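Chemist: Take the given structure of chain W and dock chain X to it, following the hints.
Residue strings, one per chain:
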Amino acid sequence: MNTPQIQEDEQTHIDAFNSRISAGQTIEPKDWMPQKYRKQLLRMMSQHAHSEVVGMLPEGNWLTRAPSLMRKAVLLAKIQDEAGHGLYIYSGAETLGTDRAEMIDQLLTGKAKYASIFNYPTLNWADMGAVGWLVDGAAIVNQTALAKCSYGPYSRAMIRICKEENFHSKQGYQIMAHMMRGTKEQQEMAQDAVNRFWWPVLMMFGPSDSDSPNSDDLMKWKVKLYSNDDLRQRFIDRTVPQAEAIGIKIPDDKLKWNPTTRHYEFGEINFDELKSVITGNGPCNKLRMKQRNDAHKNGAWVREAAVAYAEKKAKA
Amino acid sequence: MSTKENWPAWEVFTQQKNGAPHEHAGNVHAPDAEMALLNARDVYGRRQEAINIWVVPSVAITASTPEDMGPFFDPGNDKMYRWPNYYKTPEGIKQI
Numbered sequence: 574m575n576t577p578q579i580q581e582d583e584q585t586h587i588d589a590f591n592s593r594i595s596a597g598q599t600i601e602p603k604d605w606m607p608q609k610y611r612k613q614l615l616r617m618m619s620q621h622a623h624s625e626v627v628g629m630l631p632e633g634n635w636l637t638r639a640p641s642l643m644r645k646a647v648l649l650a651k652i653q654d655e656a657g658h659g660l661y662i663y664s665g666a667e668t669l670g671t672d673r674a675e676m677i678d679q680l681l682t683g684k685a686k687y688a689s690i691f692n693y694p695t696l697n698w699a700d701m702g703a704v705g706w707l708v709d710g711a712a713i714v715n716q717t718a719l720a721k722c723s724y725g726p727y728s729r730a731m732i733r734i735c736k737e738e739n740f741h742s743k744q745g746y747q748i749m750a751h752m753m754r755g756t757k758e759q760q761e762m763a764q765d766a767v768n769r770f771w772w773p774v775l776m777m778f779g780p781s782d783s784d785s786p787n788s789d790d791l792m793k794w795k796v797k798l799y800s801n802d803d804l805r806q807r808f809i810d811r812t813v814p815q816a817e818a819i820g821i822k823i824p825d826d827k828l829k830w831n832p833t834t835r836h837y838e839f840g841e842i843n844f845d846e847l848k849s850v851i852t853g854n855g856p857c858n859k860l861r862m863k864q865r866n867d868a869h870k871n872g873a874w875v876r877e878a879a880v881a882y883a884e885k886k887a888k889a
Numbered sequence: 088m089s090t091k092e093n094w095p096a097w098e099v100f101t102q103q104k105n106g107a108p109h110e111h112a113g114n115v116h117a118p119d120a121e122m123a124l125l126n127a128r129d130v131y132g133r134r135q136e137a138i139n140i141w142v143v144p145s146v147a148i149t150a151s152t153p154e155d156m157g158p159f160f161d162p163g164n165d166k167m168y169r170w171p172n173y174y175k176t177p178e179g180i181k182q183i
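Here the protein sequences come in this chain order: W and X. Each number in our numbering corresponds to the 1-based position in the first sequence with 573 added. Each number in our numbering corresponds to the 1-based position in the second sequence with 87 added.
Please keep in mind that the hints were generated in silico from the structure rather than gathered at the bench. Certain hints may be false.
Each computed BS3-like pair below joins lysine-lysine, with the alpha-carbon atoms no more than 30 Å apart [stated by the list, open to error]:
id : chain 1 : residue 1 : chain 2 : residue 2
1  : W       : K603      : X       : K166
2  : X       : K104      : W       : K743
3  : W       : K721      : X       : K104
4  : W       : K612      : W       : K684
5  : W       : K870      : W       : K886
6  : X       : K104      : W       : K736
7  : W       : K609      : W       : K721
Beyond 10 Å from chain X on every Cβ pair, some chain W residues (computed) [stated by the list, open to error]:
id : residue
8  : Q608
9  : G670
10 : T717
11 : S788
Being a predicted model, the structure only gives us computed values, none of them experimental. Even glycine gets a Cβ: it sits at the ideal position worked out from N, Cα and C.
Just chain W, same shape as in the assembly (with noise of 0.2 Å):
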């Protein structure tokens, strides 16, 4: 074979792939696709997998104490449909030709990324308010946008997953508003959550769009369909209202809306704050990978009873 054919039997690939993206289409696992959009699918699915994992281990801080059996029973659940959500994003990320041992050994050896966020302590049962309604609500307005990427798998997986995403974000909205509403110490604890969390939930949304590597390969091929900038703005606007409506205070003084633009204004986010989460130094990046390893240890042997009993069937 001589290395023109094969080149323009690249260039005829791409230029299919191409009109496909750009008529509206729909990628499957076994159409062809160029390397780079099969890599940096799966290592946006992958991460997005491993922090639906990582972020059990915050709320599971809570759930021994939770407040009442009613807000542990539904604690339990939200934490449920977490474990259902990797599955399913492992799941879609396994078209791709990884599989799901080989993206959870990432995991666990530190080789993989998770969500920033989930390196933040969740210190109060307020807390627990502020992420379902926080960081699920910015989840949801970061998934909303990718149930219509272009890759089928990671499509449906998000179709899926926002339904059941929309109950965490109300039920942490709940606890919020229940807390607003009782005494000055919960009021205050609910307002100490947000304060917390606030702008390291603005920076779940990425960098800014100046400064974000990825997001022009993956804008062209309809992985991503709005800037990561765009989605923060949509996420502030949605959230402002609902924080006012139960006596929030958005800790920053250059929150302000603006009736022309229609939309809010706000301060300046630490984007260094996020690097280095990133690269390790959150407040809890050893204890969430030391709370992982420990969970996949102490499973093993229910791993290794399930495998037992398939084998021990297959016999008899």
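Modeler: Just chain X now, kept in the frame of chain W:
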């Protein structure tokens, strides 16, 4: 610790209500069919999305490929006479 065991994948089909067809919901990993069914119930039936579930080993599925798409489905594409609206009905006939 690094254990890379990967259980086989099972495709999950759920029937949402009586009389409805089973539809593909996603997949699960499990060491055998019985546990695949339990996992499928936990993952794809937590909110009354299913009254019946099938699990099928993913490797047992044979699928057409995207490259085949044109020629493979071609035999059906040029036979417009298979659609009822190919046929003109005489004026005045309301029902056929």
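Chemist: Check whether the Cα positions of K721(W) and K104(X) lie no farther apart than 30 Å.
Modeler: Roughly 27 Å separates the two Cα atoms, so the pair holds.
Chemist: Holds or violated: K104(X) with K736(W), Cα cutoff 30 Å?
Modeler: holds, 19 Å
Chemist: Does G670(W) really sit off the interface, with its C-beta more than 10 Å from all C-beta atoms of chain X?
Modeler: holds, 13 Å
Chemist: What's the verdict on K603(W) and K166(X), does the C-alpha distance respect the 30 Å limit or exceed it?
Modeler: holds, 28 Å
Chemist: Taking only the CA atoms, is the gap from K870(W) to K886(W) under or equal to 30 Å?
Modeler: Distance ~25 Å between K870(W) and K886(W) Cα, so the pair holds.
Chemist: Using Cβ atoms and 10 Å as the threshold, tell me whether Q608(W) really stays out of contact range of chain X.
Modeler: Correct as stated: the minimum Cβ-Cβ distance to chain X is 17 Å, above 10 Å.
Chemist: So S788(W) supposedly isn't at the interface. Is its beta-carbon more than 10 Å from every beta-carbon in chain X?
Modeler: holds, 28 Å
Chemist: Quick one, are K104(X) and K743(W) close enough, alpha carbons at most 30 Å?
Modeler: The given pair, whose Cα atoms are some 28 Å apart, holds under the 30 Å limit.
Chemist: Checking one constraint from the list: CA of K609(W) to CA of K721(W), max 30 Å. Satisfied?
Modeler: Within the cut-off at roughly 20 Å; holds.
Chemist: So is T717(W) really clear of chain X, every C-beta pair being over 10 Å apart?
Modeler: holds, 19 Å
Chemist: Would the pair K612(W) and K684(W) pass a check requiring their Cα atoms to be no farther apart than 30 Å?
Modeler: Roughly 15 Å between the alpha carbons, so the hint for K612(W) and K684(W) holds.
In the structure shown, no violation is registered for any of the earlier numbered hints.
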